[in-house]
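Colleague: Chain B: place on chain A using the hints.
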Amino acid sequence: MRYEFKLPDVGEGLHEAEIVRWFVHEGEEVAIDQPIAEIQTDKATVEISTPVAGKVVALAGSEGEVVRVGEPLIIVDMQEKMEAVAPYTPQQAAPSASPQAIATLAPQQAIEQPVPHRKKHVIAAPSVRKRAREMGIPIEEVKGTGEGGRVVFADLERYATERAAAAVAPALETIEATVPPLKQAEERLPIRGLRKKIAEKMVKSAYTAPHVTGMDEVDVTKLVDIRTSLMKQLEGTSIKLTYLPFVIKAVTRALKEHPLFNATLDEATNEIVLKKEYHIGIATATKEGLVVPVIRHADQKSIRELAEELAKLTEKAHRHTLRVDELQGSTFTITSTGANGGWFATPIINYPEVAILGVHAIKRKPVVVGEEIVIRDMMGISLTFDHRVIDGEPAGQFMSAVASVLEKPEQLLLDVR
Amino acid sequence: MIDQNELRIEMVQLLDENGNGEEETLQSFSDDLLLTLYQWMRKARVIDERLLKMQRQGRIGTYAPFSGQEAAQIGSVLALDKEDWLFPSYREIAACLAHGMPLTQIFHYVRGHVLGGKTPDGLNIFPIQIIIGAQTLHATGCAWATKLKGERHVSVCYFGDGATSEGDFHEALNFAAVYQVPVIFFCQNNHYAISVPIQKQTASRTIAQKALAYGMKGVLVDGNDVLAVYKTTKEAVQMAREGKGPVLIEALTYRLGPHTTSDDPTKYRSEEEVERWKRTKDPLHRLRKLLEKRNIWTDAQEEAWVAQVNDEVTKAYEEAASVEAPSLADIFRYVYDEPSPLLYEQQQEVIRRNRVKEGK
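Protein chains in written order, with UniProt numbering: chain A, 1 to 417; chain B, 1 to 360.
Derived by calculation from the structure, the hints in this document are not laboratory data. Be careful, since some hints might not be right.
Facing chain A, according to a computed beta carbon distance under 10 Å, are these residues of chain B, among others [as the list claims (entries may be wrong)]:
1. 49
2. 50
3. 54
4. 55
5. 58
6. 147
7. 202
8. 258
9. 265
10. 266
11. 267
12. 269
13. 270
14. 314
Since this is a predicted model, take the numbers as computed values, not measurements. No residue lacks a Cβ here, since even glycine has one placed at the ideal position from N, Cα and C.
Same shape as in the complex, but just chain A (with noise of 0.2 Å):
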């Protein structure tokens, strides 16, 4: 006689389970009781055993496989003539089995069938009840969007303004679309695409670098006049002169003077990995997300040509254009926030590199000149920097670094060949 072992529900609530282990093969023989598989649940992983002796016919399938509750999990020939296992069903009421059975009536179906115009059941709480009535609405006409169906102030307010908006559709048909959208108290947004791209990198930066931010004002009067004067030579031409050229010519002086900077942390190997080419990425805000073109050896680039590849990038950017390796390879990261982006931040490292450069709105300002008060343009700067690799003080120095450069940038001179 052949047993088929139903996977039982070894967990309140179960549906399937996967076969993690064999103990038993096809055609082995086994005794009442003896381990057949090592099953995993939803909830853990248990050791089933067979109820019943006799040889394995048929198991079903393979380890790995998942099995569905109530499907054969091994089919057992038993040689000898066994009395028949009861199964373990969750004990429901079992009406013919009353012994308090007493004397019959009258079948009395209508009991059973829905009374006309009973009232339906409806499940709210007083307070909803009570609204509802001072609101002239009929609660079991509405449709409770609640827990188990459950009526809700909201359901009534909906409630309200489908029956407003039913009592006047037939006039105003063509004003509807003017109407504003009803308020809702939320509105769900799927997470995908670029956004969850952003989500996953900055959780992954967040929770893996020590995030520390330092922040510092720079004084850039003179930044603005030499922008300002070299603006005017530029008209005429498409070059759209930002400060942003002259952020990143601050920023790869000071990252060759500040190696440490320009790196990223090989977690594989436990080693810090120097950069020796520059190539700076720059945060770009588009309609649907920020993304990081690349400049690539930015430190060999002249200010003009700098603005010119950040236009084009720009450009490429918004219109989503940009090639794959125009986004990668990044050694350090700028963003800059703008007129409006507030005077600091606490940026989030563009992992894997080790720190990240915010650059904030130019302000007018009374600063402290000598012994005198005078007026200044003044610009936030924020570095944040992972702390597993970069200490606070060699922060410090970069900071000063890259802000020596904007202060004085007639230090670019030096460089120029």
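Modeller: For chain B alone, coordinates are given in the frame of chain A:
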């Protein structure tokens, strides 16, 4: 200020992990008593292992294994009189059996049959409690009734470490101490309330010391030493019976298996920890050592005993499985001796509806 670190709390232990102890103390245990204790523990272990397997075969419902806690349960129950009242939780299958509950009823219980909650007449065992700690109140109430009626029975309430964080525990112990009722609160501290370790359960160094706050006696006992559990419980029960008030016993033990068949203990405790308890602290192991030293138990006897228990389990299962499933109307039958009018009315309604469904 009082500091719990000033308390001197010693754990009662008569038999160490290798089956050694003070000769004089051990001699006070007769061979017969030792054999009874051991046979019950061995029997309980076999039954527990069979039940776990049967759950994995789909033959019984969710089950809470007790392997590892046999000494705490068997040692305490065998220290009682037959008429003493038992208030078990779902893990006290061994205690229930040793106090006289038939194995078939255990099967009814684990198969979800309504008869599982119906203790046979003449047995003083309350229905197995699922609500954590609720039975502490039932036990206190029963002990109070015993006192008022002038009976000499003691109520013994079983619960775990997790239950001591429940409000019921506080109310039950406080009331019991104030009214000096004959109740024993027997806490099996098995180190985990499902996944919550004892360190997160209470800042008290021991559960036993909580007795002091209620003005009752407390004692900490090695819950894997069946002799210590037996002797401690015997003394506590004696005191309670003599009207000297309730006692809180903390039996330090360890659950070797999962909390229930739906639990995965590897998620909250290490394999090494479980192995350590299995290898060095198994309650059966140390008593077996003692029996061997006295030459009163052999491998052959053990084998025969295990086979006999296995037969018992198979027979009890078959008997229970052959009992017809209960009807909905049956669920009203066993709570009260005489049903209350409301219950009666509900039962009649169920019977009427059944008839309608069957078209009679």
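Colleague: Quick check on the hint: residue 55 of chain B CB to chain A CB, less than 10 Å?
Modeller: Interface hint status for residue 55 of chain B: holds (7 Å vs cutoff 10 Å).
Colleague: Please verify that hint: residue 269 of chain B, Cβ, nearest Cβ of chain A, below 10 Å or not.
Modeller: Not OK, violated: residue 269 of chain B not within 10 Å of chain A, min 13 Å.
Colleague: Holds or violated: is the Cβ of residue 147 of chain B closer than 10 Å to a Cβ in chain A?
Modeller: violated (38 Å)
Colleague: For the hint on residue 54 of chain B, just tell me whether its beta-carbon gets within less than 10 Å of chain A.
Modeller: holds (8 Å)
Colleague: Taking the closest Cβ pair, is residue 270 of chain B under 10 Å from chain A?
Modeller: violated (16 Å)
Colleague: Grab the minimum C-beta distance from residue 58 of chain B to chain A and call the hint holds if it beats 10 Å, violated otherwise.
Modeller: OK, holds: residue 58 of chain B within 10 Å of chain A, min 2 Å.
Colleague: Would you check whether residue 202 of chain B satisfies its interface hint, that is, whether its CB is within less than 10 Å of any CB in chain A?
Modeller: violated (27 Å)
Colleague: Please verify that hint: residue 258 of chain B, Cβ, nearest Cβ of chain A, below 10 Å or not.
Modeller: Holds, because the Cβ-Cβ distance from residue 258 of chain B to chain A comes to roughly 7 Å (cut-off 10 Å).
Colleague: With chain A as the partner, please determine if residue 49 of chain B meets the hint condition of a C-beta pair closer than 10 Å.
Modeller: At 9 Å from the nearest chain A Cβ, residue 49 of chain B passes the 10 Å test, so the hint holds.
Colleague: Tell me if residue 50 of chain B is really an interface residue toward chain A, meaning its C-beta lies closer than 10 Å to one of theirs.
Modeller: Residue 50 of chain B check passes; min Cβ-Cβ to chain A is 7 Å, inside 10 Å.
Colleague: Using 10 Å as the Cβ threshold, decide whether residue 314 of chain B counts as touching chain A.
Modeller: holds (8 Å)
Colleague: Does the nearest C-beta of chain A fall within a distance shorter than 10 Å of the C-beta of residue 266 of chain B?
Modeller: Nearest chain A Cβ about 8 Å off; hint holds.
Consistency note: the structure conflicts with the earlier hints numbered 6, 7, 12 and 13.
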